[in-house]
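Listed in order, the protein sequences are those of chains A and B.
Residue numbering for the first sequence follows the working numbering, beginning at 5 and increasing consecutively.
Residue numbering for the second sequence follows the working numbering, beginning at 32 and increasing consecutively.
Quick caveat, the hints were computed from the structure, so don't treat them as lab data.
C-beta atoms are modelled at their ideal positions from N, C-alpha and C, and glycine is treated no differently.
Any given hint could turn out to be false.
Unchecked claim - Cβ-to-Cβ under 10 Å is the rule here; a few derived chain B residues that face chain A:
#1 Met32
#2 Ser93
#3 Val102
Unchecked claim - Chain A is faced by these chain B residues, among others (derived, beta-carbon under 10 Å):
#4 Asp50
#5 Asp185
#6 Ser249
#7 Pro258
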Amino acid sequence: MTTDERAVELIAQGSPEGMELLYDRYGSLAYAVALRVLRDASAAEDVVQEAFLSIWRGAATYRPDRGGVRSWLCTVVRNRSIDRTRGRAGRSRDELPLEHVAAGSSTSDTWTEVVAELDREHIRGALERLPAEQRTTIELAYFAGCSQSEISARMRVPLGTVKGRTRLALRTLRGVLGGWCVEQPA
Amino acid sequence: MTCDESELLLAAHAVGCLDPGEETGLRVHLEGCHDCRRLGGVLLHVGTMIAGTVSPVTPPPSLRRNLMARVEAEARARSSAAVPRRSARWHRRLWSRVPSGRRFTAAGGLAAAAAGLLAAWSLAGPHPAGAVAIRVPTCGSAGAPATRCVLDYDPDRHQAVLTATGLTLPAVLGGASAQTYEVWLIPAGGAPMPAAFLAQGPDGGSWSSVISRSLHGSAAIAVTAEPAGGSLAPTGPEVLRVPLPPGI
Chain A
5 MTTDERAVEL IAQGSPEGME LLYDRYGSLA YAVALRVLRD ASAAEDVVQE AFLSIWRGAA
65 TYRPDRGGVR SWLCTVVRNR SIDRTRGRAG RSRDELPLEH VAAGSSTSDT WTEVVAELDR
125 EHIRGALERL PAEQRTTIEL AYFAGCSQSE ISARMRVPLG TVKGRTRLAL RTLRGVLGGW
185 CVEQPA
Chain B
32 MTCDESELLL AAHAVGCLDP GEETGLRVHL EGCHDCRRLG GVLLHVGTMI AGTVSPVTPP
92 PSLRRNLMAR VEAEARARSS AAVPRRSARW HRRLWSRVPS GRRFTAAGGL AAAAAGLLAA
152 WSLAGPHPAG AVAIRVPTCG SAGAPATRCV LDYDPDRHQA VLTATGLTLP AVLGGASAQT
212 YEVWLIPAGG APMPAAFLAQ GPDGGSWSSV ISRSLHGSAA IAVTAEPAGG SLAPTGPEVL
272 RVPLPPGI
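Isolated chain A (complex conformation) (with noise of 0.2 Å):
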């Protein structure tokens, strides 16, 4: 059993001792993340303190078949700073019937913090390489939340366009990951 495992078991159990464990491992994580929402210090530790209170009451659940546990408190505490930051109080998401990508199986700490550290420097790099109008629509999207069509607005350009970058943008990632043929834009 892995410590993200553990920590997530304690928590199902009640007990605090798992909070610290996932806060101590993730913490200055969830505080990056809502703070780069945000860029506000004081409504990211809000947001942190919130997120993770979700967890520890069970409203916010993890799903090993959906990803790891941190992917899993990165989105949390994502949707919860843009839901904040666009004046949503708590919004439910609808899911979509997907076949989700099940976290790694591996038993190690080291075997699974060092495959997570090289997808994310694979995912860090190829964000940093996408051309800029695709990089912009993807922060856009991901880091201020907003819809395709208020980025269509925002940038000036068609729908359509923003729907392509997206597309193109989440291929080129996709690619770095899984070994996927990559599809440059044209």
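Keeping the supplied structure of chain A fixed, place chain B upon it in accordance with the hints.
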């Protein structure tokens, strides 16, 4: 919708920028397209990794201190709240007579009165075998911080009685209630489900509701102020929230 069009929308979904109106068509396509369901899962995985590329920033020490203080306080409250009670046969009979699934009907009024009696009972008397009493001394949200509540849950019958005190009267318009308190079950990771309405008890100071649905799989119960007649999804401010123990 073609798979090509679906991919455009799945990419948008993965980074959270799908326009709300486009989700319905995508959902229909996904129901019948295994390849797109798989692609959507992969893209969503890629999307969730974007947040992880942010470089960590050390938060102020007060964040950990405040968080853990609240967590430890809630852990203490939980351990003292979930107390099994001994049986009381008469209560089971009364409980079984409370109609379920009503809104503001005559039956609902009778149910509310019965719930009020049950609430009074739940605060003082013994509970049925297997029932769980969850006492939450401070469950009020920002709008009603003085709210306290007790949740009596009978897991065998999948029924619960929620009793709250410290709530203010909902808004009144032209002599009639313009608002009502609606009870929601909050599933773990899902959208809130309407469960019941709170009715004012005979003493005027307590509010009760019978929840005739299983709490299994729910992470919390919440109450919001909604327009009279209720809503299908929460729209008003949350006035209380009862976190449920894992495995209830």
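Okay, the hints, checked on the actual structure:
1. Met32: violated, 13 Å
2. Ser93: holds, 8 Å
3. Val102: holds, 5 Å
4. Asp50: Cβ of Asp50 of chain B sits 5 Å from chain A, so the hint holds.
5. Asp185: violated, 21 Å
6. Ser249: Since the shortest Cβ distance to chain A is 9 Å, the answer is holds.
7. Pro258: violated, 17 Å
Hint check: violations occur at hints 1, 5 and 7; the rest are consistent with the structure.
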